[in-house]
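Residue numbers (the working numbering), protein chains in the order written: chain Z, 99 to 492; chain P, 39 to 404.
Treat the hints loosely; a few may be bogus.
Unchecked claim - Here are the simulated lysine-lysine pairs, BS3-like style, with alpha carbons at most 30 angstroms apart:
#1 Lys290(P) <-> Lys219(P)
#2 Lys205(Z) <-> Lys338(P)
#3 Lys186(P) <-> Lys338(P)
#4 Lys130(Z) <-> Lys105(P)
#5 Lys317(Z) <-> Lys219(P)
#6 Lys130(Z) <-> Lys186(P)
#7 Lys338(P) <-> Lys430(Z)
#8 Lys266(P) <-> Lys243(P)
#9 Lys205(Z) <-> Lys266(P)
#10 Lys219(P) <-> Lys205(Z)
#11 Lys266(P) <-> Lys130(Z)
#12 Lys230(P) <-> Lys243(P)
#13 Lys152(Z) <-> Lys97(P)
#14 Lys243(P) <-> Lys205(Z)
#15 Lys186(P) <-> Lys266(P)
#16 Lys265(Z) <-> Lys130(Z)
#17 Lys338(P) <-> Lys266(P)
Said to hold, decoys possible - Stretch-level coverage of chain P by chain Z, calculated; a stretch enters the list once three of its residues show a Cβ under 8 angstroms from a Cβ in chain Z:
#18 104-110
#19 237-248
#20 280-287
#21 367-376
Claimed, not checked - Here's a subset of chain Z near chain P, in silico, CB distances under 7 angstroms, partners left out:
#22 Phe457
#23 Pro459
#24 Glu460
These are calculated hints, taken from the structure and not from any lab test.
We put the CB at the ideal spot given by N, CA and C, even for glycine.
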Amino acid sequence: MKKIFSLLLALTMIFALAAVSAPAASAETTVKAGFIFLHDENSTYDLNFINAAKEACEKLGVEYLFKTGIPEGQECADAAEELIDEGCNFIFADSFGHEPFLLQVAKDYPEVQFCHATGTQAHTAGLDNYHNGFASIYEGRFLGGVAAGLKLNEMIEAGAITPEQAKVGYVGAFPYAEVKSGYTSFFLGVRYICPSATMEVTFTNSWYDPTLEKEGATKLINNGCVLISEHADSMGAPTECEANNVPFVFYNGSAADACPGTFIVASRIDWAPYMEHAMTCTANGEAIEADWTGTLATGSVKMTEINENAAAAGTAEKLEEVEAKLASGELKVFDTATWTVGGQTLTEYLADVDDMGDFVPETNVIADGYFHESEYRSAPYFDIDIDGITNIDA
Amino acid sequence: MNNKTKTPLFHVSRRAALPWYKTWAIRGAALLLALVLSGIITSLVTGEDPFAVYGAIWKGSFGTTRKFWVLLQNIAMLLCVSLAVTPAFRMRCWNLGAEGQALIGGLASAACMITLADKLPNWAVILCMIVTSLLAGAIWAGIPAFFKARFNTNETLFTLMMNYVATQLVAYYCVVWESPKGSGTIGIINPKTQIGWLPQFPSQKYLLNVVVVAVVCVLVYIYLNYSKHGYEIAVVGESERTARYVGIKVEKVIIRTMLLSGAICGLAGLLLVGSTNHTLTTTIVDGRGFTAVMVSWLAKFNPVWMILTSFLLVFLGRGAGEIATKFGLNRSFGDILTGIILFCIIGSEFFINYEIKLTRGAGKEG
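Please work from the sequences and hints to get the whole structure.
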């Protein structure tokens, strides 16, 4: 009995000693990141996120787990909980429809940080651990538009088209703010360089449908569009442009390998700066902003290499010049002097910034002569139909 | 020496019924083979120690309390759909439309939750959900049943096609009821008011489904084995002519049984939408309508054995998913493993029913 007692005592002391000598918990937390992707590497959209996640985690030395092919349903909540089970204290989801499910999980795990790309509800959800991130990609699209405008001018000068024939086409996913903001900024970029330009838009009503995107491009080309851009996530439109020898401006990443003859340039969001920022905050125990909008300055909005085969001469220099003007604030993408609605210049506009499920616009977003995109929340809310753009599906 | 007739090396012949321990030995061997194969393939792909692979399979179901509950929930839902198809299967009526019947039940539930939320009190909404989802599932199965009973159409193709109709209907309503705007998905229904959310046991969000399905399991067992209806189903399954001869109204039995089948599927839809997921997507049933066919077959249409076969399929499926995450592989890798496992398990049924005999005398004289 005595032996057992002394043994127990000895053990207790050893454990007590071990507990004391263990390093005191510092304010810094070790981050383990879990990422939830809608598709896998075959989607240009998700590939852009996957690359950014790897880059950010490797740079910070953070351990990470990926869940690919997670639909926008209960599966997203399950995936998040499984990642938390694996010890993740930072969860990132990449698709708009993941938001309600991620929010639900965020309520149950206040000690875990949740970041959601492209979402709209963080600033009204009232949770300290749930955040939205996006980037001022409209600036990137505007630059893409500038490159397209230069190409149009080159075609006009070469006599290939008349100024009136300078019509561009745009294959969009859904007719919602994110896409509208994108194609409007692209169009304003085109017109900044080529004032006679007009634009036609068609929608696929899907984020990823190679066939529909290809058919959309065909339709626009048949309608006489001489240059194409797009906002959907497959290679459908680019391959059709290459087949028809129609130049195009891309999104999400370069298509120079697949379409060497027609790819001009692409804009993309680099998500790595946001991921790095949010993970660093998590590690240091600092609060992450409810909304974070990356810009040209943070390195979140990027242009790919220009493909000299397809781009007009002097594109690189012009883009550099316009980028500097955007960065300094001298040039505003949505300057109300450059666009009209029904022939009128807008001086105020209510947008549905607080997404309460009611679709009721409540915030005036035009002031100081321009539309304040992505300032009141990170996700775009520009949803105005401006003059010069025709929706051919309407 | 010169009469060289070509004799095949082996031939396949039907077995006489095997004793139960031999059939289970064959099934056990198949499972073992499945595990060895998936271990080898995962090790080859990832370079990991195969025992880590088995550890991951185990952890997929029993790694944490939450995973264990998810396991139970998945077993319950798969079992529910399997119980639904079983009465029809016993009648040799191949209802392959469970996926659509459950989906349409879910659609009915979601419709009540969304459209009645501000019109009726919570209890009335839930009552409407229960009634409409069971009814919707029953109708979805009743249509092919009517045509089979009346015009002797092929129920396999008919029920299969009804799945696509249900999926497209749900896809349509996902856009009509989308929230948030632009997502093309319904999101979580009534997140603040929680109207139409089925009541939960305190802090156990999956327990309700488990309990409900356990009760259904017992009821179906009794119905099939100890009721007049159950007996009629068995007779129709053995021989329609015999059934007619003894005065059973075969058409009535077909329609009645399919209505029951559909209603239980509708219940599965109700539980998925109202109790656990609180949303509706085209993939909410998650292929259970088809997996259920296997669950029911492997258990020889016995509701009690089906608990075991559901467990087996869910356990292996979750293990495969765990491997994919743990070793940083694409989610499709989990599907590959599930495929290997199912191939082995289904293959084992072949060896239970048939034997392969090496042809004797091929190399022997005399």
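Against the structure, the hints:
1. Distance hint between Lys290(P) and Lys219(P) is unfulfilled; the C-alpha atoms sit about 47 angstroms from each other, more than 30 angstroms.
2. Taking the CA atoms of Lys205(Z) and Lys338(P), the gap is about 44 angstroms. The hint is violated against a cut of 30 angstroms.
3. At most 30 angstroms may separate the alpha-carbon atoms for a hinted pair to count; Lys186(P) and Lys338(P) meet this at roughly 24 angstroms.
4. For the suggested pair Lys130(Z) and Lys105(P), the alpha carbons sit about 20 angstroms apart, so the restraint of at most 30 angstroms is met.
5. Restraint check for Lys317(Z) and Lys219(P): satisfied, since their Cα atoms lie roughly 27 angstroms apart, inside the 30 angstroms limit.
6. A threshold of 30 angstroms between alpha carbons decides the hint, and for Lys130(Z) with Lys186(P) the separation of about 57 angstroms lies outside it, so the pair is violated.
7. Under the criterion of a C-alpha separation no larger than 30 angstroms, the hint pairing Lys338(P) with Lys430(Z) is inconsistent with the structure, at around 71 angstroms.
8. For the given pair, Lys266(P) sits about 37 angstroms from Lys243(P) by alpha-carbon distance, which is inconsistent with the 30 angstroms threshold.
9. Taking the CA atoms of Lys205(Z) and Lys266(P), the gap is near 51 angstroms; set against the 30 angstroms cutoff, the hint is violated.
10. Distance restraint check for Lys219(P) and Lys205(Z): the Cα-Cα separation of roughly 22 angstroms lies within the 30 angstroms cut-off, and the hinted pair is therefore satisfied.
11. Proposed proximity of Lys266(P) and Lys130(Z) is contradicted: the alpha carbons are some 59 angstroms apart, above 30 angstroms.
12. With a C-alpha separation of about 17 angstroms, the suggested pairing of Lys230(P) with Lys243(P) holds against the 30 angstroms cut-off.
13. A distance of roughly 26 angstroms separates the Cα atoms of Lys152(Z) and Lys97(P); the hinted pair therefore holds under the 30 angstroms criterion.
14. Pair hint Lys243(P) plus Lys205(Z) holds up; C-alpha atoms about 15 angstroms apart against a cutoff of 30 angstroms.
15. Of the supplied pair hints, the one linking Lys186(P) and Lys266(P) holds, its CA atoms being roughly 22 angstroms apart against a limit of 30 angstroms.
16. Among the hinted pairs, Lys265(Z) with Lys130(Z) is inconsistent with the structure: their alpha-carbon atoms are about 49 angstroms apart, more than 30 angstroms.
17. The suggested pairing of Lys338(P) with Lys266(P) holds, with an alpha-carbon distance near 20 angstroms, which does not exceed 30 angstroms.
18. Only residues whose C-beta sits within less than 8 angstroms of a C-beta in chain Z count toward coverage, and the segment 104-110 of chain P has 3 of them, enough to reach three; the restraint holds.
19. Counting residues of the segment 237-248 of chain P whose CB lies closer than 8 angstroms to any CB of chain Z gives 0, so the stated coverage by that chain is violated, three being the minimum.
20. Coverage of a stretch by a chain is defined here by at least three residues with a beta carbon nearer than 8 angstroms to that chain's beta carbons; for the segment 280-287 of chain P and chain Z the count is 0, and the condition is violated.
21. Interface restraint, the segment 367-376 of chain P with chain Z: holds (3 residues with C-beta to C-beta distance below 8 angstroms; minimum three).
22. Among the interface hints, the one on Phe457(Z) holds; its C-beta lies about 6 angstroms from the nearest C-beta in chain P, closer than the 7 angstroms criterion.
23. The interface hint given for Pro459(Z) is violated, since its Cβ lies 12 angstroms from the closest Cβ of chain P, which is over the 7 angstroms cut-off.
24. With a cut of 7 angstroms, the hint placing Glu460(Z) at the interface with chain P is violated, because the nearest CB-to-CB distance is about 14 angstroms.
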